[in-house]
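Visitor: Listed here are the chains, written in short residue letters.
Protein chains: 2
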Amino acid sequence: MWERGLVLSAPGKAILHGEHAVVHGKVALAVALDLRTFLRLRPCAEGRVCVRLPGVGVLRSWDIPSLQALRSGFAGKRWEEERAAPVGSRPCPVTQWDPRAADFDESKPPSVEQLDTLREFAGIAAEASAPESLATLAFLYMCLAISAKYGDVPSVDILVWSELPTGAGLGSSAAYAVCLAAALLSACRAISCPLKEGESTARWTEEELTLINSWAFQGERVIHGNPSGVDNAVGTWGGALRYQSGKITPLKRVPMLRILLTNTKVPRSTKVLVAGVKEKILKFPAIMNPVLDSIDAISQECQSVLEVMSANSSPEHYPVLEELFDINQHHLNVIGVGHPSLDRLCRVTASHGLHSKLTGAGGGGCGITLLRPDTSALAMEAAKRDLCACGFECWETSIGAPGVTLHSSSSLKAEVLHVFAES
Amino acid sequence: MWERGLVLSAPGKAILHGEHAVVHGKVALAVALDLRTFLRLRPCAEGRVCVRLPGVGVLRSWDIPSLQALRSGFAGKRWEEERAAPVGSRPCPVTQWDPRAADFDESKPPSVEQLDTLREFAGIAAEASAPESLATLAFLYMCLAISAKYGDVPSVDILVWSELPTGAGLGSSAAYAVCLAAALLSACRAISCPLKEGESTARWTEEELTLINSWAFQGERVIHGNPSGVDNAVGTWGGALRYQSGKITPLKRVPMLRILLTNTKVPRSTKVLVAGVKEKILKFPAIMNPVLDSIDAISQECQSVLEVMSANSSPEHYPVLEELFDINQHHLNVIGVGHPSLDRLCRVTASHGLHSKLTGAGGGGCGITLLRPDTSALAMEAAKRDLCACGFECWETSIGAPGVTLHSSSSLKAEVLHVFAES
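Heads up: the protein sequence lines correspond to chains A and B, in order. Using my numbering, read the first sequence as starting at 45 and increasing by one per residue. Using my numbering, read the second sequence as starting at 45 and increasing by one per residue.
Because the hints were derived from the structure by calculation, they are not lab data. All figures in this text were calculated on a predicted structure; none of them were measured in a lab. No incorrect hints appear here.
Just so you have them, the derived chain B footprint on chain A, three or more residues with Cβ under 8 Å:
(1) 320-332
(2) 342-349
(3) 371-378
Backbone N, C-alpha and C fix where the C-beta goes; we use that ideal spot for every residue, glycine too.
Sequences and hints are given; from them, build the entire structure.
Guide: Okay, here's the thing in structure tokens:
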């Protein structure tokens, strides 16, 4: 099927509640954003694999024999390293060389040696962390690993374009990794092509989604080192999921809710913010721990409301969701991850009767504003105008969006068709 | 001693932490404000008792025989009622008539009948709740009750003037009741006059303060019906006290701290706000109860810091007190007692590097802003100017002020001397 080409997409993610508290064992709710990354896979005849990400300026291609040589080089190199190294200095268990197992497996994290070799192959500096470098590295790793397991990736041309900004905590790297995993697994026939003639969209079976997710997680590991796996799970399954102490549970049913997503464009370091929260908890444990408990209860209350809404949505649910936003925004300020730009965002939207909270790491970054079904286009445009006047960037979108999806070309929206036609 | 006249004063109060949470069994910290109510007691020769409160427009006087007749009338009236009433319909225990006990006692709340009789005597309408009516009623009650227990109040002229606004939750009625209790008990010689020649101020013994406090509480009961007793305790002992589940514990040592007290002048109903908090707790118990626990921990942390500061004040304590203000202000918003005017107050002071929270009932009313010892007069004047530009009223004062105090006339500040000279 894929030989005629295919187009698929995966959603970004936002944290609805529980950011930071999740680090301390509390429940977080992550939701799929209807800002999506689109991937077009097309066969190409020249015995090459080509990847293009016009949004981040990537245009790379490799001939298949050199990728094959690279892959087989790994095994030889690892054998030599294994024999040369004294027993005591052998690599740590995570990257330990086992000649009986595959070099690449979706259950094993990419090894430092593998990534070093791929960087060298692609001409990427050791410490390069720009999106284009990491996107290229993730592509190469996934391409080699999937072909090692399921047979050579055939000659393909892959084009990726995203509605998501990078580095804004909206899961753009995970949406990319999910798209790549689905495309490469499809190209290797490890998963089916569920799109039937005449259908505009289709999704994979639960089993296939689990495989896509596990390979997308490998891509995320290449990009982020030690990701939680939440972002790729949201990109794969869509909707909303509950995350606690490493356990990810997709919610059975979730309503699609309109939101405004605003990027304050204030840069921040998630690592510094997480450390600040930890410091506050150590400084005032009796004051801060109850706040984390309250955030945990907010996530759980929100989950209940979303589940009820998906069964039977009623206008009375919106004030509750709004109140939970307001309360959590205060709590996030209490634990020290607020920012004047986020206060401003909340104030501006409040002046239009809308309720907002930061989403993700805080300290700047993005805010999420709930829209009611009856929020008028006029009110929303006015809010967007005022937010843009603050220097912020706004997207009107939805949460609870579907996960990784196959699209028929005819069903794509004009903007995506335009990008694909131009590239 | 008092025959030469005496001047005494009592402080107002502010809640530092724990407002609203205290209703749900948590710790509150109340502090004495150095905004004071002053009372001048002077003998007058005409066999009259005169009370003047130029600030609220009270100028009343009664001849002593009519007060005596009123007092003895109570006993007669109660006897008649007692004989006329069928046994089953006798008054409830609190107001039960016991011919062997005094009609007035500081341990018994004023009865409805007593207050009705006093209202009739003073020409005050049954439902009158204006400060001047309640102040007159409290004076009459305390005057009769104290003279019933300790002998006739002699011919005196009482002048009261206050730096405290009424109805702003700053304990103005308690400061008045404490001053009245101290003055009337002094006039009846139930307490000593501890001011020695050459001293500028003096305070009473612990035992005398306990007596003053219990009579001030009676005055508060006349004014408020069912007060907590915190305000009169702060007015009597000054400094700071901890209040939890009806138990009042003065802190042993408290530093005097500079503050800015701001009245937003937004009117609010404490009853409605308290009911709103209760409703929120019932609606979201798992979210709200931890917030009350966190507020409790804030009060306790603040108490520790104040105790350490009073022993060994250091600049490093101020950021902690400021952080506790910020956190509690968020919590008070979460439990629903914030107000846009209070948000504005906090924002304005924050723009001058100062930290504020609401104090008392919230929903408008007053905010308290901590000043550091090194907050420059310039910065503070700028903050005051910006707050006044919002239509707010500001006082630069201190917390941790002394409780009820006797003053030598020569030690009074000019403003008080001026008021006393004019009246």
